[in-house]
Amino acid sequence: MSDLLRLATAGSVDDGKSTLVGRLLYDTKSVLADQLDAVTRASVDKGLSTPDLSLLVDGLRSEREQGITIDVAYRYFGTPKRSFVLADTPGHVQYTRNTVTGASTAQLGVLLVDARNGVVEQTRRHATVLALLGVPRLVLAVNKIDLVGYDQSAFELIAKEFAAYAAALGYTDEAVTTIPVSALVGDNVAESSANTPWYTGPTLLRHLESVPIATDPHDAPFRFPVQYVIRPRTPEFPDYRGYAGQVASGTATVGDRVTVASNGATSTITAIDTYDGPLHSAATGRSVTVRLADEIDISRGDLIAAEPDAPQPSTEIEATLCWLAEKELRPGARLLVKHGTKTTQAMLGELTARFDEQSLSCVDAPENLSLNEIGQVRLRVAEPLPVDDYRTDPRNGSFILIDAGDGSTLAAGLVGSPLRALTSATGADTDVSPGP
Amino acid sequence: MTTETIEEGKIIDEDAPVVADNIEALESEAIHIFREVAGEFDRPVILFSGGKDSTVLLHLAIKAFWPAPVPFPLLHVDTGHNFPEVLEFRDRMVDRHGLRLVVAKVQDYIDDGRLSERPDGTRNPLQTVPLLDAINENRFDAVFGGGRRDEERARAKERIFSLRNAFGQWEPRRQRPELWNLYNGRHSAGEHVRVFPLSNWTEADVWRYIEREDIELPSIYFAHTREVFARDGMWLTAGPWGGPREGETVHRKQVRYRTVGDGSCTGAVESGADDVASVIAEVSASRLTERGATRADDRISESAMEDRKREGYF
Chain A
2 MSDLLRLATA
12 GSVDDGKSTL
22 VGRLLYDTKS
32 VLADQLDAVT
42 RASVDKGLST
52 PDLSLLVDGL
62 RSEREQGITI
72 DVAYRYFGTP
82 KRSFVLADTP
92 GHVQYTRNTV
102 TGASTAQLGV
112 LLVDARNGVV
122 EQTRRHATVL
132 ALLGVPRLVL
142 AVNKIDLVGY
152 DQSAFELIAK
162 EFAAYAAALG
172 YTDEAVTTIP
182 VSALVGDNVA
192 ESSANTPWYT
202 GPTLLRHLES
212 VPIATDPHDA
222 PFRFPVQYVI
232 RPRTPEFPDY
242 RGYAGQVASG
252 TATVGDRVTV
262 ASNGATSTIT
272 AIDTYDGPLH
282 SAATGRSVTV
292 RLADEIDISR
302 GDLIAAEPDA
312 PQPSTEIEAT
322 LCWLAEKELR
332 PGARLLVKHG
342 TKTTQAMLGE
352 LTARFDEQSL
362 SCVDAPENLS
372 LNEIGQVRLR
382 VAEPLPVDDY
392 RTDPRNGSFI
402 LIDAGDGSTL
412 AAGLVGSPLR
422 ALTSATGADT
432 DVSPGP
Chain B
3 MTTETIEEGK
13 IIDEDAPVVA
23 DNIEALESEA
33 IHIFREVAGE
43 FDRPVILFSG
53 GKDSTVLLHL
63 AIKAFWPAPV
73 PFPLLHVDTG
83 HNFPEVLEFR
93 DRMVDRHGLR
103 LVVAKVQDYI
113 DDGRLSERPD
123 GTRNPLQTVP
133 LLDAINENRF
143 DAVFGGGRRD
153 EERARAKERI
163 FSLRNAFGQW
173 EPRRQRPELW
183 NLYNGRHSAG
193 EHVRVFPLSN
203 WTEADVWRYI
213 EREDIELPSI
223 YFAHTREVFA
233 RDGMWLTAGP
243 WGGPREGETV
253 HRKQVRYRTV
263 GDGSCTGAVE
273 SGADDVASVI
283 AEVSASRLTE
293 RGATRADDRI
303 SESAMEDRKR
313 EGYF
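Protein chains in written order, with my numbering: chain A, 2 to 437; chain B, 3 to 316.
Bear in mind the hints are in silico, worked out from the structure with no lab data behind them. Don't be surprised by glycine CBs; every beta carbon is placed ideally from N, CA and C. Among these hints, one or two may not hold up.
[Stated by the list, open to error] Taking lysine-lysine and the DSBU-like style, the derived pairs with C-alpha atoms no more than 35 Å apart in a straight line are:
| id | chain 1 | residue 1 | chain 2 | residue 2 |
| --- | --- | --- | --- | --- |
| 1 | B | K255 | B | K107 |
| 2 | A | K47 | A | K161 |
| 3 | B | K107 | A | K82 |
| 4 | A | K161 | A | K30 |
| 5 | B | K65 | B | K107 |
| 6 | A | K47 | A | K30 |
| 7 | A | K30 | B | K255 |
| 8 | A | K30 | B | K65 |
| 9 | A | K30 | A | K82 |
[What the hints assert, rightly or not] Away from chain A, derived, C-beta distances all over 12 Å, residues of chain B:
| id | residue |
| --- | --- |
| 10 | E31 |
| 11 | R45 |
| 12 | N84 |
| 13 | R94 |
| 14 | M95 |
| 15 | R102 |
| 16 | V131 |
| 17 | A136 |
| 18 | F169 |
| 19 | W182 |
| 20 | E205 |
| 21 | E272 |
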């Protein structure tokens with residue numbers, strides 16, 4: 002039985018990311034003959050002698066014309082051991098927006114650097130965003146290793162520099178793997194390369210196949226946002242009342258004591274239902290329908306949580322925001338917040354810090370946040386929200402901000418202050434661990 | 003930690019405390035998406051062609067709301083060039099699950115002159131207008147489709163919740179970032195959202211799920227003997243959509259269909275795969291994508307799918 006690894010890739014312009022992704026698809030035979038034919042034809046039209054594998058992944062016409070990637074694209078490939086969902090995030094245009102989107106669902110991040118340039122500012126920014134979002138593992142693919150003559154010392158210099166930076170971001174040695182590759186030629190992507198005899202580690206694909214999958218914390222307390230109340234009112238099920246949702250964290254087990262966050266009522270789980278039959282327990286990520294012993298007023302937007310480990314609903318929320326909209330965010334702004342299955346009104350109370358990506362540190366009390374900036378804020382919300390800290394429970398510690406007028410998604414929100422933790426780590430003071 | 007499943011009175015121990023199995027994770031994700039839409043929209047509808055992806059979609063919807071019935075109707079855009087086996091299957095599913103079916107007919111538009119037949123006789127591109135009219139007339143605000151991101155390069159950039167303007171158009175540069183599993187379904191009057199619960203599934207996942215869940219499909223997905231003629235490198239079936247033309251010879255072949263679409267442009271592949279297991283074996287060995295192999299409408303140009311999505315196609 003194969004399992005599923007969700008990963009995100011990030012790199013600067015011209016690091017060869019599309020080629021690497023194209024190479025992974027090609028080498029895992031996830032590219033079929035007609036797709037390859039189309040790419041070969043297009044490559045010939047462009048005057049190339051070998052198929053340009055990056056054309057496999059550049060999806061929109063303007064991307065192919067400009068030779069750049071604009072939007073996050075999702076790729077699917079697999080080996081007998083594992084299936085992969087890869088969020089391919091562009092490196093330059095709106096990199097925060099794209100990297101945050103890709104990282105929000107990723108269990109592993111692949112960063113690309115050009116072996117000739119090594120770790121550049123963009124690499125550090127991408128790594129910082131991945132760390133901020135809590136992506137548990139990183140791979141640094143040192144690409145174009147052929148263009149430095151497969152030079153071991155060049156590789157080791159880059160690996161060492163990156164390891165130091167990743168450690169400052171809170172990553173352990175074990176969580177970071179650096180691999181010399183040539184996406185163009187195929188060195189160490191799926192096949193071990195004879196050109197790098199000094200490299201004894203796994204190929205990129207082997208690593209992706211075998212790395213332990215970090216899942217959302219299932220040892221965290223149980224959190225279950227109610228999506229929908231199921232009341233069939235049919236002759237067969239006249240009095241059935243079940244709460245449908247997906248286990249956001251922890252495990253639900255029949256007999257567990259639970260609290261309804263909005264009103265503090267407590268009860269006991271009497272049944273965990275699925276179409277395929279009842280379960281004794283349901284793990285993180287499982288979509289189920291829960292029934293409780295007591296008749297309690299519960300509707301969409303409520304959170305059923307472990308008793309006594311339920312989060313305290315609050316109308317004041319401290320959070321790190323990744324601002325993804327063209328318009329600037331200023332104190333006093335009125336917004337909508339969606340947390341779990343609840344949407345309510347919010348007002349920006351205070352902007353306490355902005356991330357400065359040049360110095361990788363925080364600027365205090367900025368006037369505004371503009372597109373692709375990351376900041377620390379205080380939000381006031383109309384209805385109390387039962388949030389957890391993002392770093393202990395990413396699912397129940399995340400939210401999005403929505404424009405009440407045009408409905409667009411404005412920001413990704415991380416409850417608590419992961420930004421502060423990160424910047425104090427990347428600065429001189431390293432005793433605060435962001436704990437990805 | 004041990005998870006126990008109670009099944010027909012037996013308790014089965016499962017060792018995985020976390021949803022890690024690929025198919026189970028995809029199923030839970032799809033069910034979550036169905037429930038989000040049911041919770042946030044007033045008038046959702048499932049696009050149902052009788053094809054394997056929309057049949058899997060319906061199966062997931064049934065599972066998402068059980069023991070209550072599916073809380074929304076089905077919408078079929080009928081090109082008038084359907085395979086009879088598929089129409090029969092569609093009606094049987096509607097009956098079996100007590101669903102409501104809305105049919106938008108391309109033929110009605112041709113009969114009264116709102117649309118005209120294309121020179122090549124293909125009706126797939128003609129579906130867009132009846133689809134959008136049906137969405138407007140019924141005030142559907144969320145439209146579930148069986149689209150998958152592995153199907154085609156432009157679809158790889160599609161969101162799970164895809165906002166469409168009053169003309170049903172997809173604007174790649176206006177897409178909302180989609181974070182965690184927090185979907186944003188806000189839309190203005192006249193706009194609607196296309197929702198793709200199978201976004202992260204591959205063709206192989208769909209087939210493995212059909213096998214695992216024992217999902218019934220129209221018979222034309224499995225090997226059968228049929229009179230076909232060759233056109234544009236595909237085996238087409240004779241029918242009211244035209245053909246065989248002069249110079250096109252009819253052969254009796256053992257074939258099956260990999261997709262179910264408009265009869266004029268959906269080709270069969272030669273195959274002896276007469277059950278799900280042998281179809282899976284065949285699909286894993288295939289060197290062609292399902293669309294590239296059997297859909298003339300996707301072969302028109304490099305950007306055929308992107309163009310049609312911009313025009314309001316699925």
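What are the numbers of the hints that this structure violates, sorted from low to high?
Hints 2, 3, 10, 19, 20 contradicted; others consistent.
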